[in-house]
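Required output: the full structure, derived from the provided sequences and hints.
Residue numbers (numbering that gives the first Met the number 0), protein chains in the order written: chain A, 0 to 134; chain B, 0 to 134.
Simulated from the structure, these hints should not be mistaken for laboratory data. For clarity, every value in this text was computed on a predicted model and none was experimentally measured. Some hints here could point you the wrong way.
Said to hold, decoys possible - To spell it out: a stretch of chain A is covered by chain B in this simulated footprint if at least three of its residues, at any positions, have a beta carbon under 8 Å from a beta carbon of chain B; those stretches are:
| no. | region |
| --- | --- |
| 1 | 4–10 |
| 2 | 28–40 |
| 3 | 61–69 |
| 4 | 74–87 |
Claimed, not checked - Label-pair ranges, simulated between beta-carbon atoms:
| no. | chain 1 | residue 1 | chain 2 | residue 2 | range |
| --- | --- | --- | --- | --- | --- |
| 5 | B | 105 | A | 53 | 21 to 31 Å |
| 6 | A | 72 | B | 87 | 33 to 43 Å |
| 7 | A | 89 | B | 41 | 23 to 33 Å |
| 8 | A | 56 | B | 49 | 46 to 56 Å |
| 9 | A | 117 | B | 111 | 38 to 48 Å |
| 10 | B | 16 | A | 114 | 26 to 36 Å |
| 11 | A | 111 | B | 17 | 15 to 25 Å |
| 12 | A | 92 | B | 88 | 43 to 53 Å |
| 13 | B | 10 | A | 92 | 33 to 43 Å |
| 14 | A | 117 | B | 113 | 25 to 35 Å |
| 15 | B | 27 | A | 53 | 20 to 30 Å |
Quick reminder that beta carbons are idealized off the backbone N, C-alpha and C, glycines included.
There are 2 protein chains.
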Amino acid sequence: MPGTALSDRLKALLDRPVFVVVGTIQPDGSPQLSPVWVMREGDHILFSTTADRRKRKNLDRDPRVSVVVQDPESPYEYAEIRGTAELTTEGGPELIDELSLKYTGKKYAEFNPAAAQDAERVVVRVVPRKVVGTL
Amino acid sequence: MPGTALSDRLKALLDRPVFVVVGTIQPDGSPQLSPVWVMREGDHILFSTTADRRKRKNLDRDPRVSVVVQDPESPYEYAEIRGTAELTTEGGPELIDELSLKYTGKKYAEFNPAAAQDAERVVVRVVPRKVVGTL
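Listed below in structure tokens is the structure:
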């Protein structure tokens, strides 16, 4: 799926260690939100979760996803990126380390030693369909 | 509806000028997210929108709503507040001014002169059903 293009400003923002909020759909059809770390690959947005988390279960059932990002220095500039999630466990351990280095400067096991007990890491790739907002 | 109680830490955070992200459900059942200003009344969370916005149309059709807030000084502390939205136009102009003073120090017409052309202001009251996260 090629998906929609992100603007250069939005790409630059996503390349910084900004927290974004991800929205998924609960089994009863209501919204579920959580903050995540992200990285960008072209026009795709990648985040990490674990096999046992609500987000992953929701996206397995309904891959429709939305991501909101705000510019911390200019909070009235934001984008909502609506798209479809593609899930895989391939590259799961590598992605969480890459994200942890981007956001904390440390490997994930060093930042969060309790993570050794985590369930298997899942890579979520958001393929954008539509971008709303000012970025 | 009495709803669920918020913790003291969560209340204190919501009383600061923090941006939160609100999630609603689109007509096709997919998630829709946007950043908003909020204020708190007891355990309820109030935000403002306008009659013609997507959020309002979505909440009119399906009042299930979710709100995520992160502590800007400690971003791994967050709460997701899931609940039900109650909408009214009563007090709409007063709420947007109160929010604008909280977040910008100015009345809304001064902060955003273009708002004179906005559709009618709507008060959205989120009555929490469940709080997830660390706050």
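For each hint, the structure was consulted:
1. Against chain B, the region 4–10 of chain A contributes 0 residues with a C-beta closer than 8 Å to a partner C-beta. That does not satisfy the three-residue criterion, and the hint is violated.
2. Check result for the region 28–40 of chain A against chain B: holds, 7 residues qualifying (beta carbon to beta carbon below 8 Å, three or more required).
3. Under a criterion of three residues with beta carbons nearer than 8 Å to beta carbons of chain B, the stated coverage of the region 61–69 of chain A is upheld, 7 such residues being counted.
4. For the region 74–87 of chain A, the stated coverage by chain B holds: 4 residues have a C-beta nearer than 8 Å to a C-beta of that chain, and at least 3 were required.
5. Roughly 39 Å separates the CB atoms of residue 105(B) and residue 53(A), a value that falls outside the hinted 21 to 31 Å.
6. Hint check: residue 72(A) to residue 87(B), Cβ distance near 35 Å, so the stated range 33 to 43 Å holds.
7. The hint said 23 to 33 Å for the Cβ distance between residue 89(A) and residue 41(B), and at roughly 48 Å that hint is violated.
8. For the pair residue 56(A) and residue 49(B), the supplied restraint of 46 to 56 Å is violated, since their beta-carbon distance comes to about 35 Å.
9. Residue 117(A) and residue 111(B) have their C-beta atoms about 44 Å apart, which keeps the hinted 38 to 48 Å range intact.
10. Separation of residue 16(B) from residue 114(A) is about 33 Å and conforms to the stated range, judged on CB atoms against 26 to 36 Å.
11. Here the CB-CB span from residue 111(A) to residue 17(B) is close to 24 Å, well matched to the stated 15 to 25 Å.
12. Take residue 92(A) and residue 88(B): their Cβ atoms lie about 52 Å apart, and the range 43 to 53 Å holds.
13. For the hinted restraint 33 to 43 Å between residue 10(B) and residue 92(A), the CB-CB distance of approximately 38 Å keeps it satisfied.
14. Look at residue 117(A) against residue 113(B): about 47 Å separates their beta carbons, and that is not inside 25 to 35 Å.
15. Between residue 27(B) and residue 53(A) the C-beta distance comes to about 21 Å, which sits within the given range of 20 to 30 Å.
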